[in-house]
Amino acid sequence: MPKTAQMPSESTRRIWSGLVFLSALAALTVSASEVTSAAWPRGEDKSIVTLSYESTIDGPDFGDYGAFYYEYGVTEKLTFGLDIGKSQDAGQVSAIAFLRYPLGAPEGDNVFAAELGLGWAERDGSAVAALRPGLSWGRPVSGAWGNGWLGVESTYALYEDGEGLGKIDSSFGINHANGNLSIFKLEFAAPSDGDETLAFAPSHVVKVSENSFLEFGLSHEFTDSVTKVKVGVWHSF
1 MPKTAQMPSE STRRIWSGLV FLSALAALTV SASEVTSAAW PRGEDKSIVT LSYESTIDGP
61 DFGDYGAFYY EYGVTEKLTF GLDIGKSQDA GQVSAIAFLR YPLGAPEGDN VFAAELGLGW
121 AERDGSAVAA LRPGLSWGRP VSGAWGNGWL GVESTYALYE DGEGLGKIDS SFGINHANGN
181 LSIFKLEFAA PSDGDETLAF APSHVVKVSE NSFLEFGLSH EFTDSVTKVK VGVWHSF
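Counting along the sequence shown from 1, when you hit position 65 you're at 65 in my numbering, and nothing is skipped either side.
Think of the hints as simulated: they come from the structure by calculation, not from any bench.
Using N, Cα and C, we set each Cβ at its ideal position, and we do this for glycine too.
Any given hint could be a false lead.
[To be verified] Okay, derived cross-link-like pairs now, PhoX-like style, lysine-lysine, Cα gap no bigger than 20 Å in a straight line: (1) K230 <-> K86; (2) K46 <-> K77; (3) K185 <-> K167; (4) K46 <-> K207.
[Unchecked claim] Restraint ranges, calculated between C-beta atoms of paired labels, are given here: (5) A114 <-> A144: 33 to 39 Å; (6) G143 <-> I84: 20 to 26 Å; (7) G179 <-> S225: 30 to 36 Å; (8) E122 <-> T75: 29 to 35 Å; (9) H176 <-> L131: 34 to 40 Å; (10) L78 <-> L158: 18 to 24 Å; (11) F184 <-> G125: 34 to 40 Å; (12) L131 <-> L103: 17 to 23 Å.
Using the sequences and the hints given, assemble the complete structure.
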């Protein structure tokens with residue numbers, strides 16, 4: 001029988017509630033600037049592709065993870081994307097194609113978008129179909145540290161075998177004057193057949209040319225005390 005998702009622990013709820021409160025507070029006290037978040041459309045005929053690789057450096061090793069992500073602006077508002085990931089040791093693969101569209105007219109600086117993804121995932125050695133709806137929110141911000149953004153991206157993958165996976169990623173990003181980016185993310189995942197996880201994932205993205213970037217990051221997952229290092233390549237065109 002499928003297991004039901006467990007309620008987050010008290011410590012997880014406190015951390016999550018505190019960070020959501022700080023993000024909401026920041027959104028009320030900062031002004032507009034440059035932004036980088038899923039809530040904003042990619043823009044007609046514009047694309048971005050990222051390749052990344054994560055490896056465990058401390059704690060239980062659940063295997064290295066490689067990811068490919070691509071977005072293309074079909075129109076000024078409609079964005080098409082591919083989200084593909086593979087666990088190197090377990091050999092498990094997931095692949096989702098999605099469409100994202102903004103919701104209504106922006107309320108001030110706030111931007112909202114809905115998406116719908118369809119694909120498949122390898123679960124217990126078998127490939128199952130996956131349907132993944134999602135909602136995202138973004139807002140440009142600025143302060144003494146410079147310009148940046150706040151964003152929340154949420155998805156829930158429904159699998160053919162009856163299980164599901166909910167994710168909420170909250171981010172705070174800074175656009176530096178030299179073109180580099182600093183990103184601080186809180187990643188929450190709640191599989192219906194396992195325990196929820198919560199990870200803090202800061203990264204720094206270095207601009208190496210007009211359209212190319214290198215990403216260097218760390219993440220620490222609190223539930224299993226796993227620390228990972230991440231490297232990635234971004235290219236926009």
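>> Can you confirm whether the C-alpha distance between K46 and K207 stays at or below 20 Å?
In response: 18 Å, holds
> Under the criterion that the straight-line Cα-Cα distance not exceed 20 Å, is the pair K185, K167 satisfied?
Replying inline: OK: K185 and K167 at ~13 Å, within 20 Å.
>> Given a hint of 34 to 40 Å, does the C-beta separation of H176 and L131 actually sit inside it?
In response: Holds, at about 38 Å.
> CB of L78 to CB of L158, is that within 18 to 24 Å?
Replying inline: Given range 18 to 24 Å: holds, Cβ gap about 23 Å.
>> I want to verify a distance hint. Is the separation of the beta carbons of G179 and S225 within 30 to 36 Å?
In response: 35 Å, holds
> Do F184 and G125 keep their Cβ atoms within the hinted range of 34 to 40 Å?
Replying inline: Given a distance of about 36 Å, which is inside 34 to 40 Å, the answer is holds.
> Taking the beta carbons of L131 and L103, is their distance inside 17 to 23 Å?
Replying inline: 19 Å, holds
> For the pair G143 and I84, does the Cβ-Cβ distance stay inside 20 to 26 Å?
Replying inline: 36 Å, violated
>> If I claimed the Cβ atoms of A114 and A144 lie 33 to 39 Å apart, would that claim hold in this structure?
In response: 34 Å, holds
>> Hint check: K230 vs K86, CA-CA at most 20 Å. Holds or violated?
In response: Holds - the C-alpha atoms of K86 and K230 are around 14 Å apart, at most 20 Å.
> Do the beta carbons of E122 and T75 sit within 29 to 35 Å of each other?
Replying inline: 33 Å, holds
> Are the Cα atoms of K46 and K77 separated by 20 Å or less?
Replying inline: Roughly 11 Å separates the two Cα atoms, so the pair holds.
Checked against the numbered hints given earlier, the structure breaks only hint 6 and satisfies all the rest.
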